[in-house]
Amino acid sequence: MHSVVCIKQVPDSAQIRVHPVTNTIMRQGVPAIINPYDLFALEEALRLKDKHGGRVTVITMGPPQAEAALRKALSYGADEIILVTDKAFAGADTLATSFALASAIRKIDETHPVTLVFTGKQTIDGDTAQVGPGIAKRMELQLLTYVSRINELDGASGTITVERRAEGGVQLLKTALPCLVTMLEGTNEMRRGSLPDQLRAARHELTRWDRVAAGIEDVTKIGLKGSPTVVNKVFTPSPRAEKAEMVTVDSGRPADLAVELIARLGQRFPVVEAELARRAG
Amino acid sequence: MSNDAPVKKKRKFELDPRLAAYKGVWVFIEHERGQVHPVSWELLGEGRKLADMLGVELAGVVLAAPGDDGQRFCHDAFAYGADLCYLMESPVLKDYRNDPYTRGMTELVNTYQPEVLLLGATTQGRDLAGSVATTLLTGLTADCTSLTIDLENRSLAATRPTFGGSLLCTIVTLNYRPQMATVRPRVMAMPERQEGRGALINARIVEHPLAMAEESIITKVLDYIPDDSRDKPQLPFADIIVSGGKGLAKQENFQLVWDLARVLGAEVGASRPVVQAGWAELDRQVGQSGKTVRPKLYIAAGISGAIQHRVGMEGADCIIAINNDPNAPIFDFAHYGIVGDALQILPALTEAFRQKLATTRRAG
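Line order of the protein sequences matches chains A and B. Per my numbering, residue 1 is the first one in the first sequence, and the count goes up by one each step. Per my numbering, residue 282 is the first one in the second sequence, and the count goes up by one each step.
Pulled out of the complex, with its shape left as it was, chain A reads as follows (with noise of 0.2 Å):
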């Protein structure tokens, strides 16, 4: 049993700020955290572990301060940590990321055949959740998204067997090993790692693996290159052609307030003032 957790390190979304006259992000300060939706993935992968046996490796692609995820990740009780880091991956897409991720986890197969890849649903900065598909269909694995439970796995036959989120109910997947799996989000709750997994988070060796390492030869694949897709431009949203009617009385009083935006409100909205005699009728 060895599950391999892919997890990202992204900044803290409810802490970023724009800054208000060059409208670029300000980054200083802002604190970077495992992306909340890996946790799901890594707790999963870790009760596996102590049901089954076996290992848990976490990996993730980013720039070397990715490291302190890595270290958190193993405070929870993650046996191995691969920061897969190269200036060659800048500029990755998700087609681009996946590739590079789905060649270092062939890579780590090669020495501790994996059972099963693990991603968060998706991550609080991209919000794409295209990442773990892209890896399971770039290592032909069967794929399995928004998992909300893992019902059972029999090492023997080599299935697993998962509750699926589907939009208006859940489905009960049944699939063979290895496969992918997306955890969805409050399926489970994160440890609270033990003092020799704190203790051992800080001296463990970190593996660190450039393009070479992580098995990759072709650099059209990655980075920028390997990135069908191009940002044209970053934006703040324009103000409606007009501004906001603002509601004021002479008093002050909420009361009267209240009553001034009724009334103003079904002169300029019919559909408003309908729907309200609807709920009145």
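Derived by calculation from the structure, the hints in this document are not laboratory data. Where hints are given, some of them may not hold.
To be verified - Within a straight-line C-alpha distance of at most 30 Å, the following computed DSBU-like cross-link-like pairs (lysine-lysine) qualify: (1) A:Lys233 to B:Lys330; (2) A:Lys243 to B:Lys513; (3) A:Lys221 to B:Lys304; (4) A:Lys174 to B:Lys577; (5) B:Lys375 to A:Lys174; (6) A:Lys243 to B:Lys375; (7) B:Lys513 to A:Lys174; (8) B:Lys501 to A:Lys49; (9) A:Lys225 to B:Lys304; (10) A:Lys243 to B:Lys330; (11) B:Lys304 to B:Lys330; (12) A:Lys233 to B:Lys304; (13) B:Lys501 to A:Lys51.
Said to hold, decoys possible - Some residues of chain B that are not near chain A, with every Cβ distance over 10 Å (derived): (14) Arg478; (15) Arg485; (16) Leu491; (17) Pro514; (18) Cys599; (19) Asn605.
To be verified - Here are the in silico distance ranges between beta carbons for each label pair: (20) A:Glu205 to B:Asp333: 51 to 61 Å; (21) A:Ala241 to B:Glu533: 17 to 27 Å; (22) B:Lys513 to A:Glu152: 19 to 29 Å; (23) B:Met334 to A:Asp256: 22 to 32 Å.
Glycine included, each C-beta is placed from N, C-alpha and C at the ideal position.
Given the coordinates of chain A, assemble chain B onto it according to the supplied hints.
Chain B only, in chain A's frame:
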């Protein structure tokens, strides 16, 4: 896409002639348990505009099992704007599964070569889109909030929030086809249904087989458990929503949002920070990482109006914003603004709406 991708300068661009042969706009018609997901019709509405800009046909793509009503879905697609439909029927397409659907869609794309392929950003659409794009090695932009065509090079310009919803970015896929994008439900307006449109325009159904045996498919569907949706909030289709944000200061103050919602018969929504703080459940979150809504009336109390919230509710007919900060971004796109303490304004609104409804009732 990666947020760290550098912004490239726009440049003159010549499309590979092999790719220039890709023509037409496609929309994946997603269905589950005999029901087409409404996002498919919303996408046909948007796809119609793109197809008209490009001067090409708009096609619906239906993958289904025989007996799944695939023909009916095609005719529905005509009523919502499609010029033709590709229909692939096979027993292995009963219930959505990644492998056969990816294989089927990939085969249709390679055979009929569309330049644009749109899918709903649902659990099914995202699962399929990511797999198809990787198989075809083309670009895919997720959760777009607006789509248009750059007529200079016929490329799809897809705009979506980035950096956790603090900015917007426009993404293009230049030298790859098809250009793929997903859009979340309710982001695009529902087009009007035109009965009989299919017959009127002589819309056609192109049937294409899928040569795939059940034995070759590894993943099996053992069961399907429908949701019990009776007690779940139904935000996306609510006509009136009252939402609260962190400006309400304390969890117990969120009750004021509920009070107003009760009088209006409205659904209750919440901003992301409020959901993260545990004041409201995840199903009530409005915004990029929550639900997209298009009510007739949206009342936002104590919500600043960050982009990630804005993209989830700016389709509302009328937005009323209450915030004590006169510079809050929400006043840039609300229709009515009240600068003041939501803790005082909300109860006043509750009372005023109660009286308004009572008066209407007596008069009616």
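To see whether the hints hold, each was checked on the structure:
1. A:Lys233 to B:Lys330: Roughly 22 Å between the alpha carbons, so the hint for A:Lys233 and B:Lys330 holds.
2. A:Lys243 to B:Lys513: Not satisfied, since the Cα-Cα distance of roughly 35 Å exceeds 30 Å.
3. A:Lys221 to B:Lys304: Given that 30 Å is the threshold and the Cα spacing comes to 26 Å, the pair holds.
4. A:Lys174 to B:Lys577: 43 Å, violated
5. B:Lys375 to A:Lys174: 15 Å, holds
6. A:Lys243 to B:Lys375: It is violated: about 50 Å lies between the C-alpha atoms, which goes past 30 Å.
7. B:Lys513 to A:Lys174: Roughly 28 Å separates the two Cα atoms, so the pair holds.
8. B:Lys501 to A:Lys49: 25 Å, holds
9. A:Lys225 to B:Lys304: Holds, at about 25 Å.
10. A:Lys243 to B:Lys330: 28 Å, holds
11. B:Lys304 to B:Lys330: 15 Å, holds
12. A:Lys233 to B:Lys304: Between A:Lys233 and B:Lys304 the Cα gap is close to 26 Å, so the pair holds against 30 Å.
13. B:Lys501 to A:Lys51: Holds - the C-alpha atoms of A:Lys51 and B:Lys501 are around 25 Å apart, at most 30 Å.
14. Arg478: Holds, since 26 Å exceeds 10 Å.
15. Arg485: 29 Å, holds
16. Leu491: 18 Å, holds
17. Pro514: For B:Pro514, whose nearest Cβ neighbour in chain A is about 15 Å away, the distance exceeds 10 Å, so it holds.
18. Cys599: Violated, because the least Cβ-Cβ distance between B:Cys599 and chain A comes to about 5 Å, which does not exceed 10 Å.
19. Asn605: 12 Å, holds
20. A:Glu205 to B:Asp333: 51 to 61 Å: With a Cβ separation near 60 Å, A:Glu205 and B:Asp333 satisfy 51 to 61 Å, so the hint holds.
21. A:Ala241 to B:Glu533: 17 to 27 Å: 39 Å, violated
22. B:Lys513 to A:Glu152: 19 to 29 Å: Holds, since B:Lys513 and A:Glu152 (Cβ atoms, about 28 Å apart) stay within the stated range.
23. B:Met334 to A:Asp256: 22 to 32 Å: Hint violated: Cβ distance 49 Å, outside 22 to 32 Å.
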